[in-house]
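Residue numbers (my numbering), protein chains in the order written: chain A, 1 to 88; chain B, 1 to 269.
These are computed hints drawn from the structure, not numbers from a lab. Check the hints yourself; a few may be wrong.
Claimed, not checked - Label pairs and their computed distance ranges (CB to CB):
1. A/Gln23 with B/Gln72: 45 to 55 angstroms
2. B/Arg253 with A/Ile25: 28 to 38 angstroms
3. B/Gln222 with A/Glu75: 50 to 60 angstroms
4. B/Val146 with A/Glu34: 17 to 27 angstroms
No residue lacks a Cβ here, since even glycine has one placed at the ideal position from N, Cα and C.
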Amino acid sequence: MSFFDYFKTRKKSSASIAKERLQIIVAHERNTREQPDYLPELQQELLAVIRRYVEIEDDQVQVQLDRNDSCSVLELNVTLPEEVVDPQ
Amino acid sequence: MARIIVVTSGKGGVGKTTTSASISTGLAQRGYKTAVIDFDVGLRNLDLIMNCERRVVYDFVNVIQGEATLNQALIRDKRVENLFILPASQTRDKEALTAEGVQKVLDEMSETFDYLVCDSPAGIEHGALMALYHADEAIVVTNPEVSSVRDSDRILGILQSKSRRAEQGMDPVKEHLLLTRYNSERVERGEMLSLEDVNDILSISLLGVIPESQAVLNASNQGSPVILEDESEAGGAYADAVARLLGEERPLRFLDGNKKGFLKRMFGG
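Working from the sequences, and respecting the hints, build out all of it.
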């Protein structure tokens with residue numbers, strides 16, 4: 001980096017782009033790594049149960065497991081459609 | 001009771017076999033009775049790097065299956081005393097490395113050796129899992145490059161969940177980062193992840209930085225572990241890494257590249 005380069009428009013170095021991308025993907029993967037293998041299946045089964053009562057799309061059920069030292073919290077997030085359809 | 005060290009990375013081509021050869025040679029030079037074991041069944045290459053490819057008679061799988069004794073399969077290195085090579089099988093099915101078989105062979109070797117260096121295959125399949133399962137320490141070989149760093153993080157996760165130490169609730173595997181093919185000039189120009197960048201992401205203790213060096217290819221061409229080229233930067237950097245592995249303190253060398261003079265820095269060029 002020379003003295004005169006400071007007057008040119010600064011462009012992000014490719015190394016710093018690499019670092020940012022890595023920090024994001026590694027943090028994401030570490031999060032999913034700690035989740036148990038049964039979570040996707042649990043999500044599918046929950047989806048099937050809920051569908052017996054309301055019509056929802058695949059992405060409207062989120063299952064997440066958060067672990068702390070002393071306890072684990074299974075968080076279930078279901079987005080219900082605005083008009084609840086009663087199948088009966 | 002031997003200390004078991006796995007050399008692993010996830011990604012291929014980053015320098016695992018080069019590192020296994022040099023680290024095991026360095027430990028043997030220090031007087032420790034050391035064996036380096038090739039876990040890459042079907043694609044063995046450690047024998048070539050160690051220049052013993054024409055002396056292979058029996059291999060790791062033969063020993064597991066009881067077709068040869070350990071002493072028949074171990075190849076004594078001709079250059080360094082205390083150094084032995086256990087080659088991988090070139091022909092067998094990967095599944096021939098059974099967990100019980102590997103355990104039995106490592107247990108037997110543990111009785112007479114000080115260090116067992118396990119050269120892992122690339123990937124996270126059976127062979128790689130077998131190589132890391134018994135490890136007390138892991139050398140995670142990483143290039144300053146996005147896919148290598150990501151794969152190293154993945155391997156660290158596997159060490160923390162699938163190793164024997166993790167499964168049996170023992171003290172965790174001691175993890176070391178070895179950054180290889182490092183080009184400090186490109187780092188300075190912002191074209192390559194720096195040591196600090198990789199450290200920020202992986203945050204494990206640093207064993208060493210091996211500069212990108214022609215000596216590495218030169219050494220492998222001749223079947224000589226690069227640590228024996230003690231004039232070369234890569235050889236010196238591996239000797240430092242071995243010292244740190246043994247708990248000695250060594251300052252990092254070869255990180256400044258070709259330092260530019262003050263005027264050159266000011267006016268470019």
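Going through the hints against the structure:
Against the hinted window of 45 to 55 angstroms, the Cβ-Cβ separation of glutamine 23 of chain A and glutamine 72 of chain B comes to about 50 angstroms, which satisfies the hint. Here the CB-CB span from arginine 253 of chain B to isoleucine 25 of chain A is close to 32 angstroms, well matched to the stated 28 to 38 angstroms. Roughly 59 angstroms separates the CB atoms of glutamine 222 of chain B and glutamate 75 of chain A, a value that falls within the hinted 50 to 60 angstroms. Hint check: valine 146 of chain B to glutamate 34 of chain A, Cβ distance near 22 angstroms, so the stated range 17 to 27 angstroms holds.
Going through the hint list in order, the structure satisfies each hint without exception.
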